[in-house]
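Novice: Chains G and H, in that order, are what the protein sequence lines are.
Remember, this note's numbering sits 144 above the position in the first sequence when you count from 1.
Remember, this note's numbering sits 11 above the position in the second sequence when you count from 1.
Hints are not guaranteed to be accurate.
So the derived label-pair ranges between C-beta atoms look like this [to be verified]:
(1) H:106 / G:210: 28 to 34 Å
(2) G:235 / H:23: 34 to 40 Å
(3) H:72 / G:174: 19 to 25 Å
(4) G:211 / H:94: 40 to 46 Å
(5) G:247 / H:81: 35 to 41 Å
(6) G:219 / H:31: 42 to 48 Å
(7) G:186 / H:68: 22 to 28 Å
(8) H:30 / G:188: 24 to 30 Å
(9) H:93 / G:210: 41 to 47 Å
(10) G:161 / H:72: 39 to 45 Å
(11) G:194 / H:39: 22 to 28 Å
(12) H:68 / G:174: 18 to 24 Å
(13) H:38 / G:197: 25 to 31 Å
A partial selection of chain G residues facing chain H, derived with a Cβ cut-off under 10 Å [said to hold, decoys possible]:
(14) 148
(15) 175
(16) 177
(17) 179
(18) 186
(19) 188
(20) 189
(21) 191
(22) 192
(23) 231
(24) 234
(25) 240
(26) 245
If you're looking for bench data, these hints aren't it; they were derived computationally from the structure.
For each residue, glycine too, the CB sits at the ideal point set by N, CA and C.
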Amino acid sequence: KNEVEQSPQNLTAQEGEFITINCSYSVGISALHWLQQHPGGGIVSLFMLSSGKKKHGRLIATINIQEKHSSLHITASHPRDSAVYICAVKSGNEKLTFGTGTRLTIIP
Amino acid sequence: NAGVTQTPKFQVLKTGQSMTLQCAQDMNHNSMYWYRQDPGMGLRLIYYSASEGTTDKGEVPNGYNVSRLNKREFSLRLESAAPSQTSVYFCASSAGRVHEQFFGPGTRLTVL
Numbered sequence: 145k146n147e148v149e150q151s152p153q154n155l156t157a158q159e160g161e162f163i164t165i166n167c168s169y170s171v172g173i174s175a176l177h178w179l180q181q182h183p184g185g186g187i188v189s190l191f192m193l194s195s196g197k198k199k200h201g202r203l204i205a206t207i208n209i210q211e212k213h214s215s216l217h218i219t220a221s222h223p224r225d226s227a228v229y230i231c232a233v234k235s236g237n238e239k240l241t242f243g244t245g246t247r248l249t250i251i252p
Numbered sequence: 012n013a014g015v016t017q018t019p020k021f022q023v024l025k026t027g028q029s030m031t032l033q034c035a036q037d038m039n040h041n042s043m044y045w046y047r048q049d050p051g052m053g054l055r056l057i058y059y060s061a062s063e064g065t066t067d068k069g070e071v072p073n074g075y076n077v078s079r080l081n082k083r084e085f086s087l088r089l090e091s092a093a094p095s096q097t098s099v100y101f102c103a104s105s106a107g108r109v110h111e112q113f114f115g116p117g118t119r120l121t122v123l
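Please work from the sequences and hints to get the whole structure.
Specialist: So this is what it looks like as structure tokens:
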């Protein structure tokens, strides 16, 4: 079993829809990262969080340490949000363990 | 600022050939990392360097060597390439191991 599980693996939605991507992990962590990988391959860090909630524009990330679960929400989704979203957790040895990603496609 | 740069962007090698992937960052970061990304798998850490002059093995170090030439540069060397090393390689850097990581654009390597 992977230490980091993301769901869904693939998600297609209409422009404007509210999007939720989930990440569950099985180890104790010091921080959780959400990353975005565009079709061209570049990877951008969206959030790093260890508790509560963070918001940046239309993106919101939440984490529940007790339940070992994090969600990434996108409000008013747009075709430019189409990308692979990757969850990664940092454990006690400070190594990042990555999920396999959620491929999001937003249709105009 | 260019951020994290990698060269080359694409490379095709024959089995047994050697090559070095170059990575540089201009953010004065202490920590640098090399990852590989394979279809259906998450990014996996090959080697990392917590500071200039230090390097440590990650999850999949076999077949690779690294050099932290100075604070800016961290290179990854394949001494004798194998088809199993066909992958996309990403370099990343961070101010420290508890900080967010910034990624380079990646190098797509094919070993025939």
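Novice: Next step is simple, just say for each hint if it's right about the structure.
Specialist: Taking the hints in turn, this is what the structure says about them:
1. H:106 / G:210: 28 to 34 Å: holds (29 Å)
2. G:235 / H:23: 34 to 40 Å: holds (36 Å)
3. H:72 / G:174: 19 to 25 Å: holds (23 Å)
4. G:211 / H:94: 40 to 46 Å: holds (42 Å)
5. G:247 / H:81: 35 to 41 Å: Holds - the Cβ-Cβ distance for residue 247 (chain G) and residue 81 (chain H), about 38 Å, lies within 35 to 41 Å.
6. G:219 / H:31: 42 to 48 Å: 44 Å Cβ-Cβ, so the 42 to 48 Å window holds.
7. G:186 / H:68: 22 to 28 Å: Between residue 186 (chain G) and residue 68 (chain H), where Cβ atoms are some 26 Å apart, the hint holds.
8. H:30 / G:188: 24 to 30 Å: holds (27 Å)
9. H:93 / G:210: 41 to 47 Å: The hint (41 to 47 Å, Cβ to Cβ) holds, given that residue 93 (chain H) and residue 210 (chain G) are roughly 44 Å apart.
10. G:161 / H:72: 39 to 45 Å: At 42 Å between Cβs, range holds.
11. G:194 / H:39: 22 to 28 Å: Between residue 194 (chain G) and residue 39 (chain H), where Cβ atoms are some 24 Å apart, the hint holds.
12. H:68 / G:174: 18 to 24 Å: Hint holds: Cβ distance 21 Å, inside 18 to 24 Å.
13. H:38 / G:197: 25 to 31 Å: holds (27 Å)
14. 148: holds (7 Å)
15. 175: holds (7 Å)
16. 177: holds (7 Å)
17. 179: Holds. Min distance 8 Å.
18. 186: Check passed: Cβ of residue 186 (chain G) comes within 5 Å of chain H, closer than 10 Å.
19. 188: holds (7 Å)
20. 189: Hint on residue 189 (chain G): holds, closest Cβ of chain H at ~5 Å, below 10 Å.
21. 191: Status holds, d = 8 Å.
22. 192: holds (5 Å)
23. 231: Residue 231 (chain G) check passes; min Cβ-Cβ to chain H is 9 Å, inside 10 Å.
24. 234: holds (8 Å)
25. 240: Result: holds, 7 Å to nearest chain H Cβ.
26. 245: holds (7 Å)
In terms of the numbered hints stated before, the structure departs from none.
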